[in-house]
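**Q** The lines below spell out each chain.
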Amino acid sequence: EPEVTQTPSHQVTQMGQEVILRCVPISNHLYFYWYRQILGQKVEFLVSFYNNEISEKSEIFDDQFSVERPDGSNFTLKIRSTKLEDSAMYFCASSEQGPNSPLHFGNGTRLTVT
Amino acid sequence: AQKVTQAQTEISVVEKEDVTLDCVYETRDTTYYLFWYKQPPSGELVFLIRRNSFDEQNEISGRYSWNFQKSTSSFNFTITASQVVDSAVYFCALIYYNQGGKLIFGQGTELSVKP
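Chains as they are written, first to last, in my numbering: chain A, 726 to 839; chain B, 665 to 779.
Treat the hints as calculated values from the structure; they're not laboratory data.
A portion of the hints provided could be inaccurate.
Stated by the list, open to error - The calculated lysine-lysine pairs, modelled on BS3-like cross-linking and capped at a C-alpha distance of 25 Å, are: (1) 734/B / 782/A; (2) 734/B / 767/A; (3) 767/A / 702/B.
Claimed, not checked - Here are a few chain B residues that face chain A, going by a calculated C-beta distance under 8 Å: (4) 678; (5) 697; (6) 707; (7) 708; (8) 709; (9) 761; (10) 765; (11) 766; (12) 769; (13) 770; (14) 771; (15) 772; (16) 777.
Glycine included, each C-beta is placed from N, C-alpha and C at the ideal position.
Input sequences plus hints: build the corresponding full structure.
**A** This is the structure we're talking about:
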């Protein structure tokens with residue numbers, strides 16, 4: 726069964742550094758998303774992306790965050806200057822028929838900011 | 665306000681017991697979708713079910729069943745004859761129609777099934 730893949734599985738970075746989290750959505754999906762989960766807490770929406778532009782973003786997704794689909798397969802989340810509170814599990818997801826159809830999540834990237 | 669409440673933080677059962685995970689939501693719209701996701705210890709989020717607000721039929725899939733009641737804004741999940749492999753955190757989630765993929769998750773219920 727096709728799946729969403731995320732790399733790396735774990736990223737450690739120092740505060741103030743830039744990080745790029747990478748995702749390869751399911752190939753025939755057109756809608757892409759990033760969510761995050763701070764340890765022990767609920768999963769929170771960050772941003773949705775369709776047709777090469779952001780569809781919706783949360784208040785968490787401030788100017789430090791950006792997303793990009795640099796080619797036909799990858800979908801990236803960049804954090805420009807990481808803060809300690811950015812430490813979390815970041816999930817990429819994709820859906821086929823739009824945001825009301827099931828989101829298929831990747832295994833996540835655990836980001837640790839020291 | 666859009667909100668999903670899973671009042672049970674942790675549940676522990678013995679294998680073969682039935683267990684029900686509660687989910688209550690708040691809506692401001694008549695068209696919405698409800699989901700359940702499973703997060704096993706390995707950390708990934710696994711889609712289990714989607715239900716739209718116009719379909720109140722209960723659904724059964726193997727040992728899993730879901731009870732959707734609009735009158736009480738609840739979407740409960742029952743596992744029959746639980747197994748150790750069912751141990752995971754289960755999330756209920758809500759999305760409004762055409763809201764750009766912004767799933768609202770509950771806090772999750774951690775289910776522990778002991779042998």
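**Q** All the hints need checking, so say for each whether the structure fits it.
**A** To see whether the hints hold, each was checked on the structure:
no. : hint          : in the structure
1   : 734/B / 782/A : 28 Å, violated
2   : 734/B / 767/A : 24 Å, holds
3   : 767/A / 702/B : 12 Å, holds
4   : 678           : 25 Å, violated
5   : 697           : 5 Å, holds
6   : 707           : 5 Å, holds
7   : 708           : 4 Å, holds
8   : 709           : 4 Å, holds
9   : 761           : 6 Å, holds
10  : 765           : 4 Å, holds
11  : 766           : 5 Å, holds
12  : 769           : 4 Å, holds
13  : 770           : 6 Å, holds
14  : 771           : 5 Å, holds
15  : 772           : 6 Å, holds
16  : 777           : 20 Å, violated
Checked against the numbered hints given earlier, the structure breaks hints 1, 4 and 16 and satisfies all the rest.
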